[in-house]
Amino acid sequence: MTPNKQISSIVLPPRNILNIQLPIRNTPIPLPSNIITNEHALEISSWIDKKGSPYVENNPYEFELLVRGSRDGFDVKTIYNLCDKVVNTVIVLKVEGTGEILGGYNPREWDNNSNQFVQYKFIKDSFIFSLKNANMKDSILSRAVRDFNYSIYNYPQKTDLSFDIALCLNGNLKIEKRCYCMANSTYLKPIRSDEFVSKLEIGFSRIPVKALFSVEEYEVFKILPRNDLK
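Residue 27 is where the sequence shown starts when you use the working numbering, and the numbers rise one by one after that.
Mixed in with the good hints there might be a few duds.
Unchecked claim - In silico SDA-like links for lysine to any residue, alpha-carbon gap of 20 Å or less:
#	residue 1	residue 2
1	Lys77	Asn210
2	Lys111	Lys200
3	Lys77	Arg252
4	Lys111	Lys150
5	Lys215	Lys200
6	Lys158	Pro234
7	Lys158	Arg232
8	Lys200	Ala237
9	Lys158	Val82
10	Lys77	Pro251
11	Lys111	Ile61
12	Lys163	Gly125
13	Lys103	Lys203
14	Lys76	Leu250
15	Lys215	Asp151
16	Lys215	Val171
17	Lys158	Arg204
18	Lys111	Gln183
19	Lys248	Gly125
20	Lys163	Ile61
21	Lys203	Val223
22	Lys248	Ile55
23	Lys147	Asn210
24	Lys77	Asp164
25	Lys150	Glu135
26	Lys158	Thr63
27	Lys163	Ile249
28	Lys184	Gln145
29	Lys215	Phe148
30	Lys163	Val223
Unchecked claim - Per label pair, the in silico range of CB-to-CB distance:
#	residue 1	residue 2	range
31	Asp151	Asp110	16 to 24 Å
32	Pro56	Lys225	24 to 32 Å
33	Arg252	Lys225	35 to 43 Å
34	Asp110	Pro56	39 to 47 Å
35	Asn253	Arg172	34 to 42 Å
36	Lys76	Arg232	16 to 24 Å
37	Ile55	Met162	40 to 48 Å
If you are wondering where the hints come from, they were derived from the structure by calculation, not from laboratory data.
For glycine and all other residues, C-beta sits at the position ideal for the given N, C-alpha and C.
Go ahead and model the full structure; you've got the sequences and the hints to work with.
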């Protein structure tokens, strides 16, 4: 009846439904470690994938804890027993007294075969490392670059587990103080400072005392691809 009168209504117009799919939120998998941080794990994963720069989020790998010294024992034989025939493992260890975090990656298996005395494994993708911490500004990565026949030294009978002679773990890691790093040609560069790296390559008895170390803690992880990342 009054066509010029403004109409007011409390009924809202129909809503437009937008078909927008939100991105999947990737929830980090808790890292079961007493030694390394998530940042360390991302860095190790980037080295496995040979990335030029470290991952900063969404680690493509899960670190499954296989062995921990304080839980399972510190003898190298324990590693062989619990990691027998396991591939893609990372060993990390905290050096007693210095707090250094050293380690190595083996894409092949550790072999606890009692019928084998000494086993050298031909591996091109293994590497060793030292991770940054409160006393170390940057991590050190050292890849196997030559003499690949000696990349991994697998000797369970002598409780010796080594990345050539660049990183050697011997006996009881906590009480025997028989671990060491030596200059060698297989791995690109030393992962410890010069004062702790032996320049001799002529046998354990000649390694300087200052180059020998024991381990406060160590852990071994199985590296598994994450299936929840799309």
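To see whether the hints hold, each was checked on the structure:
Among the hinted pairs, lysine 77 with asparagine 210 is inconsistent with the structure: their alpha-carbon atoms are about 25 Å apart, more than 20 Å. For a cut-off of 20 Å, the pair hint linking lysine 111 to lysine 200 is broken: about 25 Å separates their Cα positions. Between lysine 77 and arginine 252 the CA atoms are separated by roughly 17 Å; this keeps the pair inside 20 Å, and the hint holds. Of the pairs offered as hints, the one joining lysine 111 and lysine 150 holds, with about 18 Å between alpha carbons and a cut-off of 20 Å not exceeded.
The straight-line distance between the Cα atoms of lysine 215 and lysine 200 is roughly 26 Å, outside the 20 Å bound, and the hint therefore fails. Taking the CA atoms of lysine 158 and proline 234, the gap is about 25 Å. The hint is violated against a cut of 20 Å. For the suggested pair lysine 158 and arginine 232, the alpha carbons sit about 30 Å apart, so the restraint of at most 20 Å is broken. Of the supplied pair hints, the one linking lysine 200 and alanine 237 holds, its CA atoms being roughly 15 Å apart against a limit of 20 Å.
Between lysine 158 and valine 82, the direct Cα distance comes to roughly 15 Å. Compliance with the 20 Å bound is thereby established for this hinted pair. Between lysine 77 and proline 251 the alpha-carbon distance is near 16 Å, which keeps this suggested pair within the 20 Å criterion. About 24 Å separates the Cα atoms of lysine 111 and isoleucine 61, which puts this hinted pair outside 20 Å; it is violated. With a CA separation close to 13 Å, the supplied pair lysine 163 and glycine 125 stays within the 20 Å bound.
Between lysine 103 and lysine 203, the direct Cα distance comes to roughly 16 Å. Compliance with the 20 Å bound is thereby established for this hinted pair. Between lysine 76 and leucine 250 the alpha-carbon distance is near 16 Å, which keeps this suggested pair within the 20 Å criterion. As the CA atoms of lysine 215 and aspartate 151 are separated by approximately 15 Å, the hinted pair is consistent with the 20 Å bound. Between lysine 215 and valine 171 the CA atoms are separated by roughly 10 Å; this keeps the pair inside 20 Å, and the hint holds.
A C-alpha spacing of about 23 Å is found between lysine 158 and arginine 204, which places the hinted pair above 20 Å, so the restraint is violated. Restraint check for lysine 111 and glutamine 183: satisfied, since their Cα atoms lie roughly 16 Å apart, inside the 20 Å limit. Our distance criterion of 20 Å between C-alpha atoms is broken by lysine 248 and glycine 125, whose separation comes to about 23 Å. For the suggested pair lysine 163 and isoleucine 61, the alpha carbons sit about 17 Å apart, so the restraint of at most 20 Å is met.
A distance of roughly 15 Å separates the Cα atoms of lysine 203 and valine 223; the hinted pair therefore holds under the 20 Å criterion. Between lysine 248 and isoleucine 55 the CA atoms are separated by roughly 14 Å; this keeps the pair inside 20 Å, and the hint holds. Of the supplied pair hints, the one linking lysine 147 and asparagine 210 holds, its CA atoms being roughly 16 Å apart against a limit of 20 Å. Of the pairs offered as hints, the one joining lysine 77 and aspartate 164 holds, with about 17 Å between alpha carbons and a cut-off of 20 Å not exceeded.
Distance check on the hinted pair: lysine 150 and glutamate 135 sit about 14 Å apart at the alpha-carbon level, within 20 Å; holds. In summary, the hint linking lysine 158 to threonine 63 is supported, as the alpha carbons are separated by about 10 Å, within the 20 Å threshold. Distance hint between lysine 163 and isoleucine 249 is unfulfilled; the C-alpha atoms sit about 26 Å from each other, more than 20 Å. Our distance criterion of 20 Å between C-alpha atoms is met by lysine 184 and glutamine 145, whose separation comes to about 12 Å.
A C-alpha spacing of about 19 Å is found between lysine 215 and phenylalanine 148, which places the hinted pair at or below 20 Å, so the restraint holds. Restraint check for lysine 163 and valine 223: satisfied, since their Cα atoms lie roughly 19 Å apart, inside the 20 Å limit. Roughly 21 Å separates the CB atoms of aspartate 151 and aspartate 110, a value that falls within the hinted 16 to 24 Å. In this structure the hint that proline 56 and lysine 225 lie 24 to 32 Å apart at CB is violated, the actual value being about 42 Å.
In this structure the supplied range 35 to 43 Å holds for arginine 252 paired with lysine 225, their Cβ-Cβ distance being about 42 Å. About 26 Å separates the C-beta atoms of aspartate 110 and proline 56, a value inconsistent with the hinted range of 39 to 47 Å. Remark: the range hint 34 to 42 Å for asparagine 253 to arginine 172 is upheld by a beta-carbon distance near 36 Å. The beta-carbon spacing between lysine 76 and arginine 232, approximately 36 Å, falls outside the hinted interval of 16 to 24 Å.
Between isoleucine 55 and methionine 162 the C-beta distance comes to about 26 Å, which lies outside the given range of 40 to 48 Å.
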